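Protein chains: 2
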Amino acid sequence: MAPSNEKPVKPGSQLKTPKGTRDWVGRDLLLRDHIFETATEVFRRHGGIPLDTPVFELREVLAGKYGEESRLIYNLEDQGGELCSLRYDLTVPFARWLAMHTDVKQVRRYQIAKVYRRDQPAIARGRLREFYQCDFDIAGAYDPMIPDAEILRVIVEVFRLLGLEISIKINHRQILDGLFAVAGVPSEQVRLISSAVDKLDKASWETVRQEMVEEKGLPAEVADRVGTYVRRSGSMHDIIQLLQSEPDLCANDSVKAGLADMGLLESYLQAMRIVDNVVFDLSLARGLDYYSGLIYEVIPSGDAQVGQVGSIAAGGRYDGLVGMYGKQPIPCVGLSFGVDRIFTILNARQESASHLTNETDVYIMAFGGKEYDGLILDRIGVASELWDAGIRAEFMPKVKPRPSGQSEASKGVPVAVILGQDELAAGQVRLKDMRGEDEEAIRRDRGRLVPRESLVGEVRKMLSG
Amino acid sequence: MAPSNEKPVKPGSQLKTPKGTRDWVGRDLLLRDHIFETATEVFRRHGGIPLDTPVFELREVLAGKYGEESRLIYNLEDQGGELCSLRYDLTVPFARWLAMHTDVKQVRRYQIAKVYRRDQPAIARGRLREFYQCDFDIAGAYDPMIPDAEILRVIVEVFRLLGLEISIKINHRQILDGLFAVAGVPSEQVRLISSAVDKLDKASWETVRQEMVEEKGLPAEVADRVGTYVRRSGSMHDIIQLLQSEPDLCANDSVKAGLADMGLLESYLQAMRIVDNVVFDLSLARGLDYYSGLIYEVIPSGDAQVGQVGSIAAGGRYDGLVGMYGKQPIPCVGLSFGVDRIFTILNARQESASHLTNETDVYIMAFGGKEYDGLILDRIGVASELWDAGIRAEFMPKVKPRPSGQSEASKGVPVAVILGQDELAAGQVRLKDMRGEDEEAIRRDRGRLVPRESLVGEVRKMLSG
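Read top to bottom, the protein sequences are chains A and H.
Residue numbers are given in UniProt numbering: position 223 of the first sequence equals residue 223, and the series is strictly consecutive.
Residue numbers are given in UniProt numbering: position 303 of the second sequence equals residue 303, and the series is strictly consecutive.
For the record, the hints were derived by calculation from the structure and aren't laboratory data.
Take the hints with a grain of salt, since some may be wrong.
If chains are identical, the list can't say which one is meant, so a pair holds when it fits in one copy or spans any two.
What the hints assert, rightly or not - With a straight-line cut-off of 30 Å between C-alpha atoms, the simulated DSS-like cross-links for lysine-lysine are:
hint, residue 1, residue 2
1, Lys432, Lys105
2, Lys19, Lys216
3, Lys169, Lys19
4, Lys327, Lys16
5, Lys199, Lys19
6, Lys199, Lys105
7, Lys169, Lys370
Being a predicted model, the structure only gives us computed values, none of them experimental.
Next up, chain A with everything else stripped away, as it sits in the complex:
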């Protein structure tokens, strides 16, 4: 029956997914699910509660949260009713949820969902317009840096379980802002200069300096002071000492407050035995507006470095965001895993097999002589018994399939059940082990006869053996 108002795709217009999006299928998806399950296990180990929010939010909820990046937000068409936009991250929806539930003063929530950015896609580097984020956040008024330390611990645990070597770059917004102030950056320019400095992981100092001086009009000598301050990284211990040894910096209240935090954090990370996973990098700035304290970015290290995937997790403290909704202010700290980038790394390790192979345990086929009628009802009956037992079973959905077709379809399936008219009449079926190297031998082997009624048990034995 043809749809009433059928309107086939114009010939010539090619069939595709929208720009910057892709389909996921088969083994790719199972690998991605493995990442999700690993993260979820750790999140719950740390008291995490799952949250799921709508894929679009009221436009005003997203307004004024992302600074320059707001232009990348996808809007829904005005079809009457409310103005909505696709979520840009999972942090703002979480803050909106917190602001809506004023009874919730503290919570640890995790959310794994897709987010949307009208960005220039770079599929090879795992950068898409629709991509997954995997967030864990601790909300609540606690003592300084204790939740922050636990978030870093969560990062280490997840990548440990995934078997990925990583390094966590950390910095502190208050220290950064203080450095800029001492260097002589006008306060209204701090965010601009900050985002320029943030490029130091990809661009050379000369390039960044040029951007600050020529594009952003920063005096050359100020830019150079900024350069000497931010182009330093090392262990928490060393950088904290270095900063403390510079009176003009310590004289700045913002730097002083940040340093106190970092001192606490170091002791907590030692107690958590992960202080060696952390690098204190004064050039780390992070783009988003809403960070207010500790910020961090995770990069692959060792043999986990595959091409230019960039940071594979990131986050920070955002104490001001929830309050922006005019309700209770709740201090928060959180992290977000770049699932697609992590996938890119893990996938590069796997040998690529067919992506459409399922994991059937048993293939049921029928062979026979000239009076052979395909035994469809018998094949269905056997399959139903196996399904009842929770065993993955398949058969060729044809009344009288060719033997060759059935053999072809059963490739890679460990166990075959072979039905024949005479065997069935004698209350028997053939069981055949399809595993092993020698295809020729497998082909010749006609399988062993087992009583029809003990089939399920026999199959179980073969699969477990």
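Since chain A is already given, all that's left is putting chain H on it; use the hints.
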């Protein structure tokens, strides 16, 4: 740090999720995941391969697939570039995927994802504008009704595992179209009358007759013939016999073809031992345009009937859809579970506890005399050991928490680890079992001393015991 271009939500505008959407949190989500995991297990048991498609598609991909319902499609704003719309179901994206991959001649795919309809929401009945669908489809040219029968088997297996009593209403588009033709419905009116007839599960015959005659201008005697034909349901066996006993109906080619299918289906459902789960209901029509053969709808039966949730799963055969993309035509049959409605039923069974309780195994607290300093580093150290062992552990993220606060926070956690200055000095910690009725007794019990180094083992014993 206040965001540079902060724009708080206007006072007065209330904070909410968009109309027809909701947040999911805590136990609700875990219950929903249980539904997903159950369905996935069955899908894979039947050879299913997972597919994930973008949340939006090129607008032309959705065009002309949904008939009247197309007006409910959400469009993305034209922000330059391609015109896109949010997916309306998972069937059309699957057909688009098949049409794109001309190498794939046959596949069994499942997809669990949200779909979007600008419909009148009815939250109480689990009807939202953003809701989950959970689809399993068998694509490929096989012998008639064999895949169709397996799809019905999948439905039965999933609801069996979920512990829900159901009944599957089935009908055949060709039989229905034939009945209309014999009754004298003009072919251009078939879809209109079809959707009127589809309301017979909710509305009385009088109401439906009125709609057909007065609104859709069908002659009264034609409407009455339609009525006598479609207001019949029963076992497959009975209805097939009934139709075969009416020469004027059997003379119609469309009815004849449909009846042949239904006869085959009955034999296959018998072999699958699920024929008793099926009711042949001639009034079932299904709204969507693209169905071409068998159609079905699952309704809760027995004690699974909770309020007016409507159908909890539905589907049918759509052999024409993939061909609409001007590529290879591939016959398909599939089903979609109404996850939110199934959730509503299962949730009504659960006693509602707090939705924000996590499942922490161990709570680590510190008590002490006047020189008590909170032992934060020791609490962190113990927690880290437990985390390393994969145990869910929490502690109060404060340097010097009040004992009362810790006791409060540990409510419902099975095991408590209690740290004290003196015990730690002696290389010991206290372990306390928090399970049991008598709160008073639990409060008095100070726990038993165990050596610090055997803590993890002792905790494991307590949790397993």
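**Q.** In rising order, the numbers of the hints this structure does not comply with
**A.** Result: hints 2, 3, 6, 7 break, sorted rising.
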